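Given only the sequences and the hints, what does the whole structure look like? Please build it.
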Amino acid sequence: MTPPRRKRRQPQQLPPPPPPLPKPADGEENPRYPERLYTIAGTADGGRAELDLVTLIVSRSGPPPSASPEEAAVLRLCTAPLSVAELSAYLNLPFSAMTVLITELITTELVQARAPIVRQSVPDRSLLEAVMHGLQRL
Amino acid sequence: MDFNGSDTIPGPRTEDHLPHTAQSAVKIVIVGGFGVGKTTMVGSVSEIRPLTTEETMTQAGIGVDDNYGSESKTATTVAMDFGRISITDKLVLYLFGTPGQERFWFLWNGLFEGALGAVVLVDTRRLEVSFDVMGRLEERGVPFVVAVNSFPDAPRYPIEELRTALDLAPEIPIMDCDVRRRASSKEVLMTLMRFLHSLALSGALT
Ligand SMILES: Nc1nc2c(ncn2[C@@H]2O[C@H](COP(=O)(O)OP(=O)(O)OP(=O)(O)O)[C@@H](O)[C@H]2O)c(=O)[nH]1
Ligand SMILES: [Mg+2]
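Residue numbers (UniProt numbering), protein chains in the order written: chain A, 1 to 138; chain B, 1 to 206.
FYI, nobody ran anything at the bench for these hints, they're computed from the structure.
It should be emphasised that the depicted structure is a prediction, and the values quoted were computed from it without experimental measurement.
For every residue, glycine included, the Cβ atom is placed at its ideal position computed from N, Cα and C.
No false leads were slipped in.
Partial pick of chain A residues on the chain B-facing surface, computed with a CB cut under 10 Å:
hint	residue
1	Q10
2	P11
3	L56
4	R76
5	L128
6	V131
7	Q136
8	R137
This is the structure:
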């Protein structure tokens, strides 16, 4: 018996990635690795911030009296850093609903967002080596 | 949803808290057909109990699929299991198990963009279900390795025969695995990382 066969595909010409955006003035020390820099801010019309599944969210303060129950839950959960994906799982909210909620908390400066490191056109070998070392210890 | 009292929302166990120094995260995607072992693989290496996040997309014309037969608007909901591995006190790795069918590709334009790479998990009983997603990864330039999860009743092919059948570029690693075993899942991830590293060394990643 022979397995079914596939035909390899070629990379498509994709438009070049947009230039990096300036880092939000956040007083946050620069991470060791290069990263894609997101605009972390609510837009005027209330659009969602560019949050990734693995953007880490950290509370800046406890819930103010004005916080909704969902917001209070996020602020309590994020006393230690937690990814948007984990928040979405714990609060049982779909990812996009979660990002709307978090965007509001970023805008009101109740949480801080730590952007992920994404695959680069010029790959960061030290990052890859760090991941390998971490996996090796598993 | 009942949000009466956020104290009742279960969060991570204390021992699962990330340190405050956790500065950034990276992600790897484990993609494969229905029931191929994605969740099992995530669970076998994750330091936390695997969690599930959902995303819904509503769009005319998406989900050209018999199960979603309505003509105008279709809502596609996809559940993604994921796990976490702390790499250093600053860096965290997340692993996402995601279905490979075409109607879920919207995830790649947003959520999985920026993944370091992917593991394509294949089942030799249904090899062809992974063909489309492999082509998609190639087109998008997402580096991947192929892991063959061996079920007892699955046909056995020599790895080189599978490489030929899958028309893999010679440099792409392909290996057998048993995703129920942590050591085996770890070896698959290490193989992906070594592959990414070799691409970085040769400057082949674009
Ligand atoms: N014998 C055997 N069984 C396995 C192996 N890997 C997974 N299974 C079983 O296969 C079933 C499906 O595995 P899952 O990890 O849920 O697969 P999945 O890809 O997440 O499935 P869906 O999310 O439903 O698409 C489970 O009952 C596993 O215990 C394997 O290597 N060998
Ligand atoms: Mg699953």
